[in-house]
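Fit chains B, C and D to the given chain A structure using the hints.
4 protein chains.
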Amino acid sequence: MTKMTIEALHAFMAEAFPQVSGDFTVEEVGDLRIRVRMNIEERHLRPGGTVSGPSIFALADVAIYLGLLAEIGPEALAVTTNCSIDFMRKPAAATDLVAEARLLKLGRVLAVGDVLIHSAGDPSPVARASLTYSIPPKR
Amino acid sequence: MTKMTIEALHAFMAEAFPQVSGDFTVEEVGDLRIRVRMNIEERHLRPGGTVSGPSIFALADVAIYLGLLAEIGPEALAVTTNCSIDFMRKPAAATDLVAEARLLKLGRVLAVGDVLIHSAGDPSPVARASLTYSIPPKR
Amino acid sequence: MTKMTIEALHAFMAEAFPQVSGDFTVEEVGDLRIRVRMNIEERHLRPGGTVSGPSIFALADVAIYLGLLAEIGPEALAVTTNCSIDFMRKPAAATDLVAEARLLKLGRVLAVGDVLIHSAGDPSPVARASLTYSIPPKR
Amino acid sequence: MTKMTIEALHAFMAEAFPQVSGDFTVEEVGDLRIRVRMNIEERHLRPGGTVSGPSIFALADVAIYLGLLAEIGPEALAVTTNCSIDFMRKPAAATDLVAEARLLKLGRVLAVGDVLIHSAGDPSPVARASLTYSIPPKR
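The listed protein sequences derive, respectively, from chains A, B, C and D.
This note's numbering runs 259 ahead of the 1-based position in the first sequence.
This note's numbering runs 259 ahead of the 1-based position in the second sequence.
This note's numbering runs 259 ahead of the 1-based position in the third sequence.
This note's numbering runs 259 ahead of the 1-based position in the fourth sequence.
For reference, chain A alone in the conformation it holds in the complex (with noise of 0.2 Å):
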């Protein structure tokens, strides 16, 4: 069992990040994974309805760090130092994304988790991303 449930990420969310807290829905969590939606807003696209590189990023990052929390508890203080993302493939137009992440490490210092993300209703990658978060140590 995680450490946080669906309920406790989403008042975390809500209380440290309330700017985008909105944007993202967490879906699934569990034994080292999370599936996590971005709600596609206006704000999100670019000319044509592609969802921006920047949001795709975004999606990442929070699957990650909302994976990597419910394993340890709310550490706001967890930081990204790395990643690196392939974006594969357009996103559909104005339409959902959902990322499925994993941790693949979860050691005293560093975590690193990789993530899929594909468009809602169709399962091909759109990006793939591996990120590192350095964990602060405990006070």
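A couple of the hints might just be wrong.
Any copy will do: because identical chains look the same in the list, a pair fits if it lies in one copy or spans two.
[Claimed, not checked] Taking lysine to any residue and the SDA-like style, the derived pairs with C-alpha atoms no more than 25 Å apart in a straight line are:
no., residue 1, residue 2
1, Lys-349, Gly-380
2, Lys-349, Ala-273
3, Lys-262, Leu-291
4, Lys-349, Gly-308
5, Lys-262, Glu-334
6, Lys-262, Ile-331
The hints are simulated quantities; they were obtained by calculation from the structure and are not laboratory data.
Same frame as chain A, but now just chains B, C and D:
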């Protein structure tokens, strides 16, 4: 000399990416290099005044994109295929960011560049990134 | 069905890359996936028996390359353009490594895959990597 | 001034990594920068005389590692946690490679550097790479 001047790059951005063009100012361009400033607004910040990761990513992406356009002309369809980014220091609170980018490869189908980003007034790098762009065939 | 069988992949490697073909054994291929074993020898090790970083990189690179060839046929000229690799755990001393790779994109000019690498007999991932290959135009 | 001179770096390599120390020559070090030459031998080549990808990776890795050691002293346990590498041009056949590396961050637990690699006698970059090293706590 580049194919596009600073004025031409600004005009292109305003036309092709009206939602975000106001966020970026090209300060210098030429010789496979470009300097782009991100005009930080409330919406780019996280609690505590830190510039968000997706905003830093957006700056890296735009800087290489505009550096590429300056060389090859306005190809709005050039697309990012890969980005690797390291977040190294906390940006100064509520301060503009400056990206110094250079093109390392300008091939027929792929372009590669890297970029160092720092807070205005402090040369210590906040982030570094390398990006690959796919260049569509001429029609 | 793939265009190349395990036997065909081994024959191709022995012909095209005689210096290293003995290091690798394809164990399974199909459905955009491949499993490749690295037969660890003294020359792959560092003091203490750890498999070296360049050897782990070589395995990741070969696994995606062979997975790609299996799909498109023997294009010896496909070249790696990008690799992002995370080293997550120390490999078991003097033990073969196993790479589980999958192709995520198989485009006209670019292919993208990722790979998890573990020591034989221990499923914990030692490394993960994602790679992009550039596919030369058909002549 | 750095904590280790070129001579000290060479002596450290010969002691800690006897299998590969002969492959590398430090040409210059200081001011968070280092230049390392890879002495290309038959075993680094692929058919046609091209330097292999794993060899280029090895040079990038060693250059940042030695640049880091020069600053912090001989910590043989510093380990690579991430590398992102772009292969941009074919190296000149059977020619030494030169890496120009710089440290961008030298933190308490993580160091980040990047490196440009070119064939000796031709300044066009063959590859660029960025690497993160984890620094073990002092005992």
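Tested hints:
no.: 1; hint: Lys-349 <-> Gly-380; in the structure: within (14 Å within a copy, 38 Å between copies)
no.: 2; hint: Lys-349 <-> Ala-273; in the structure: between (30 Å within a copy, 22 Å between copies)
no.: 3; hint: Lys-262 <-> Leu-291; in the structure: within (11 Å within a copy, 35 Å between copies)
no.: 4; hint: Lys-349 <-> Gly-308; in the structure: within (10 Å within a copy, 33 Å between copies)
no.: 5; hint: Lys-262 <-> Glu-334; in the structure: within (12 Å within a copy, 36 Å between copies)
no.: 6; hint: Lys-262 <-> Ile-331; in the structure: within (6 Å within a copy, 38 Å between copies)
In summary, the structure agrees with every hint in the numbered list given earlier.
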